[in-house]
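Engineer: Using the sequences plus the hints, can you model the full thing?
Numbering (mature numbering (1 follows the signal peptide of the UniProt record, and there is no 0)), first residue to last: -21 to -1, 1 to 1020.
The set of hints was computed from the structure by calculation and includes no laboratory data. This one's a predicted model, so the numbers in the text were calculated from it and none came from an experiment. It is possible that some hints are incorrect.
The list that follows gives simulated cross-link-like pairs (lysine to any residue, SDA-like), each with its CA atoms no further than 25 Å apart [unchecked claim]:
1) Lys689 with Met626
2) Lys196 with Gly105
3) Lys463 with Ser387
4) Lys486 with Thr509
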Amino acid sequence: MAGKSLHLCVFVICAIQTNTGFNIDVQFPVIKEGKTKGSLFGFSVALHKQTEKAKKNLLLVGAPQEKAHPQLSKFKINETGAVYYCPITVNQDDCGSMDLISPPKSTDMLEGMWLGVTVASQRNGGRVLACGHRYVKKLLGAEEQQRMVGKCYVRGNDLSYDPSDYWQSETYELCDFNHDQDLEGMCNMGISGGMTEKDVYFGTPGSFTWQGTVHMKCRDTDSDYAGDANDRSFGKLGEDKFNIYIGYSVLEDIKLLDRSVFTVVMGAPRDEFKGSVILADKQDLILKQLMTITGEQIGSYFGSCLAVTDLNNDDWNDLIVGAPFYFDRYKEEGGAVYIFMNENGSFQKKASLVLKGKKGSGFGFAVAAVGDVNQDGFQDIAVGAPFQDSGKVYIWMGSKSGITKEPSQVIEGKSLGPSGFQTFGYSLSGGMDMDGNDYPDILVGSLDDRIALLRSRPVIHLSKNFTVEPKIVIPSQCGISCIKVKVCFSYTLSNGNSNFRKEITVKFTIDADQNRRGARVRFIDNKQSTFTGLLSFSASSCQELELSVNNPVTDKLQPIVFSLNVSLNQQKAAAQQTLQSLDSFPVLSGQQILTDKAEINFHKECGDDNRCSSNLQLKARFADENYNPFPSQTLEFSSNVKKLVLMVEVSNTADENKPAEDAHQATLNISIPYSLKYSGVRPPAGFDMECSADEAVICDLGNPFKSNQKVSFIIIFETSGITLYTEQIQSQLQLSTISEQADLFPVLVTLNVKNTILTTFSLEKLIIDTSFSGNVIGESAMSSTSDVGSPLEFVFRVQVLGEPLGDLGTLVIDFDWPYAVANGKWLLYLTEIVIKGSSESHCVPPGNIVNYLNLTLSKEGTKRNKREVDSGFPHAEASVTVLATRKVAHFLDCSKKTALCQTFSCPLLNMSTQAEVRVRARVWNGTLLEDYAKALRVEVKGQATLRLLTDKPAIKMDNQTREFSVNIDPVLGEETPYEVPLWIIIVAAVAGILLLGIISLILWKCGFFRRASRREMYEAKSQKAEIKIQPSETERLTEEF
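Structural biologist: So this is what it looks like as C-alpha cells:
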C-alpha cells in the first residue's frame, strides 16, 4: 500500500469493556525498529502474506533514506533507501532488507532515489511492489542532463527475484527520459502506486510540467508472452492543468462506477488550488476521465490520500478522501476527511459526511480501509493524525447508515510500548489477519524509524438467561429461602468460529428490589439486596442464588424487580518471550445489551384457592388499512401501500379443561418487524389500554384482564421499511401474566410480500407527421442517413415509482418496429437508439437491426424547412409539371400484415429510477416514391412494450404497451415533373413550318394573294353602294388616293 496514498488506523481497547466492543489490542503491540537512525523507517507500510516456499505473514516497511547496500559502495553510492520485511515476533530488530537494486549502468543515478517511498502487496499469494520516485536517468552527450523519472520494482511472493516471471522481469521505467519536464522528463513515477490481479499502476505527479498522470501496466494473466502487457496513461491536458499533481495518490478497484469493471481513482491535490479526485476507466491505451470531485478549500490538499470500501454493506464501494491541510481557525479545526457514499454506482459532488481533526494535527494525512475489524458485517475505516501530540489514529466503524460523526476509538502513539511513538499514524495498512485468529490487523508507521502492528482481539457475543422463581411469592409461606435467581451464560465468536473454546470470566451484578428505600428481599449469601459474582466458563454455565423475604411485607401490589449487569473480567498477562495469543483476551461485542431484568410478584387473592389460573388466548393476522385481512396472508406491495395493520384478538375465556380466572398484569409483547415502523394502536371503545414502543410494542392489557373478557384492537404499522428485497414480514406476539398459565407460547404471524413495481411509460409524441419527395436513390449510392429520407425520433420515458431495482431485475423495452412494406422494401430505417439513465449508452440489438447498411449518421431532427427539403432531395429541372391526383390513403400495420416488423429488445441497464430512450430512424424515400407516389397519406403503426426481466418470483410488474404512428404525406406540387424531350420540340417546329408553306401555296394557287384592277374595284364599290350604303367621307378620300 502506498505510503503517501493508502493508510489505515486503529483503536484502543479498555482492560474491561462493557459496551464498546472494539477489539484492537494495544497491550501487546508488535513493534519493529529500523536499523539506521533517520532512515524514515515506517514512511510507508504494507501487510503481506507469503505462501510460496514457506507460509508466513510479513510486515513490509519502506525506509526511503536508508543507507545503500554495501555492494553499491564501490560505485560511490551512499544512500538509496530500502524496503524491509519483518516477521511477526516480539523481537524489535529482526527485519531483513529486500535485495532490489542491481549494479548501476552509466546512465543510472541511484543516489537519493528514495526507494521505499511506496510499498504494496498483491495480498494473499501475490507479488510485492516497491518504488523510488527520485531515481534519475542521465542523458550523456556534450552536456550531461539529468531526468528524475523514478523507478519501481516487482518481486515474487517470497520476495525473491524470478527472471522467468514477466511481472518481475519487466523494467518499470515508464516515463520517457529523452524529453524535459514539458513532457515526462521529471515525472517522479512511484510516489504512489499499487497492484491488482492484472494491473500495476503508478502515480507520476511530475509529468507534463507537474500536471501529473497515472501510468498502468496491464497484463493478461493467462498469457505467458513477455510483451503481452499494455501501457495505459491519462495523457496530457491543457496548460491550465499545469502543477496540479495528478497521481499524487492513486488506487484501482471495482464496485465504484460499475460492479465488475475496475475504476481508477486519482488524487490531484493542487487542482484549482483546492485539489480534486478524478475517476477514470481504461479504454484502449488511455485512461478516460469519467468524473471529477473538487475540494472545497484552497490549500487543503484534497485528494492527497484515498481509500475505498463498502461502509454500509450495499455492495458498492464508498470513497474516502483526505485533505490534511484543511483548517478552520475559528473552530480550531485542522485536517479533514470527506466521505462520499456510493449511490448505486454514482457519487454526489458534495460529501455525505466530513470528518475534521484538531488544529495542526495533520488529520487525514493517511486514510485507509481496515477491513471488518470486529466482524460485524460492515467494513471499517481509519484516519491518521500524525502531528496531533504524539500522533493519533482514529477508527470509524461501518454500519447500515454508513459511519457516525464521532470516532469509535482513538489510539495515541505515546500509549504503545515502553517509550511510545512520535508522528504515529503517518502511514497505515490493514485488512489482513496476521496472527491467525480470523480478525484483520492494522500496521501503523511513523517518521521516528518505528512501526507497530496492532492486532485484533476476538469479539464475543455473550448469551445470557436470567430467571427468578417463583413468579408469585406468598410471604406467609416463605421461610429462610423461598426465591431462587438463576443466571446462565454462553458465548459465540463474531466470526462464527465454533471451535473457539477458551475459558472466559464474566463479572455479574444482581440488584434485587432496587430503587426502593427498603428492599423487600435479600440474598442469603451476603444478607444484602445486591450481589456481585464471577463465573468462569468455556461452555454454557449457570449459577443459582437464593433470597429470603424481609417480613412483614407491606407492599404486595408492586412487583419485585431484579436487574442484571454483566461485564468481562480480564486477566492480567505475564511477560512472555513469545508472541502473546489474544484468544485469552476477548472483548464483548459493542452491539449487544449487557443488562437484563426480571420480575416476581407477591401473591394476590384470587378465587377460593387463592391462586389465579388464567386462560389467555391470542389470535392475530395482518390486514390492510381498511381492516380487510390479506388473502392467504400475502401482501401485493407497491409504493401506494403506505400502511398496514395487525388485527389482534385477546381472550380469557374458560374451556372444558381450563378455568379462566383473572389474568393479573396481563401484557402483550409484539416484536416490530425490521421492515415496518410502529405508528400507533387503536383500542376498542371503552377499553383502557396503554402501549409503548421501542424495540417492541408492549401493551398493558389491564391489571387484571378479567375472566371471560375478550378484546380486539389494531396495531398500525407504516411500510416505509419494505424494500424490493423484502420477501416476508414476521412479527412475534407473546402474552404474559403473573397469573398461572403454562401454555403462553409465542405466536408467530407471517405476512408474505410480493412486490409490484409501479412504473410510468410514456411517449413524447404518439404521432409524428413527416413527408417524402425528391428522387429515388439506390442503396449502393447512399453514404449517409440523410440520403435515406426524412428523419424521425420517438422519445420514450420510463420512471420507476419507488426505489431502484438494483440487481433484482432489469426493465426492458420490446419493440415491434415496421421496418419494411409487405413486399420487403424498406419503410422505416432504424439509425440509432440512445438510452439516457444514470449514464448514456446505445442499444445495439443482435442481428444488425440498427443501421443495417452502416451509413454515416447525419444530424437528426424531426422538422425540416423548405430549404432543407430542397437540399436533401434535388428536383429535376423541367418546363412541365404534372400533378397526380391523390385519392388513396394507405395504412401499414404489422398486425394486419400490410407491413413487416422486426422484434427486438433494449434493456435499460444503466437506469436508476428513470430513463429516456430515443429511437431515431429515417423514412425510406425511395419506397414511398415508387409504391405510394399517388397516395393521399401513408400511415405506419408500431408498438413498444415495457416489461420486467427478473428471476425473483416475489417481484412482478404489469407490462405496458404504447403504440406509435408515423403519418407520411407527399410534398404538395412536386409530384412527377415531366420534361419535354428536345427532339419532339424540333420535329414539331419543322412540321409547323412545312404545314404553313403548304397552306400558303394552296392559297396562292387559288389567287388569294392576287391584286384586283382599279376598274373592278370601282365596279365592286359602286355595286356596294347600290346594294348597301353610301361610302363615308373617309372611304371616299381613301379611294382618291
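Engineer: Does each hint fit the structure? Answer for all of them.
Structural biologist: Going through the hints against the structure:
With a C-alpha separation of about 14 Å, the suggested pair lysine 689 and methionine 626 falls inside the 25 Å cut-off, and the hint holds. Annotation: proposed proximity of lysine 196 to glycine 105 holds, straight-line Cα distance about 16 Å (limit 25 Å). Distance hint between lysine 463 and serine 387 is unfulfilled; the C-alpha atoms sit about 40 Å from each other, more than 25 Å. Between lysine 486 and threonine 509 the CA atoms are separated by roughly 13 Å; this keeps the pair inside 25 Å, and the hint holds.
Taken one by one, the earlier hints fail for this structure only at number 3.
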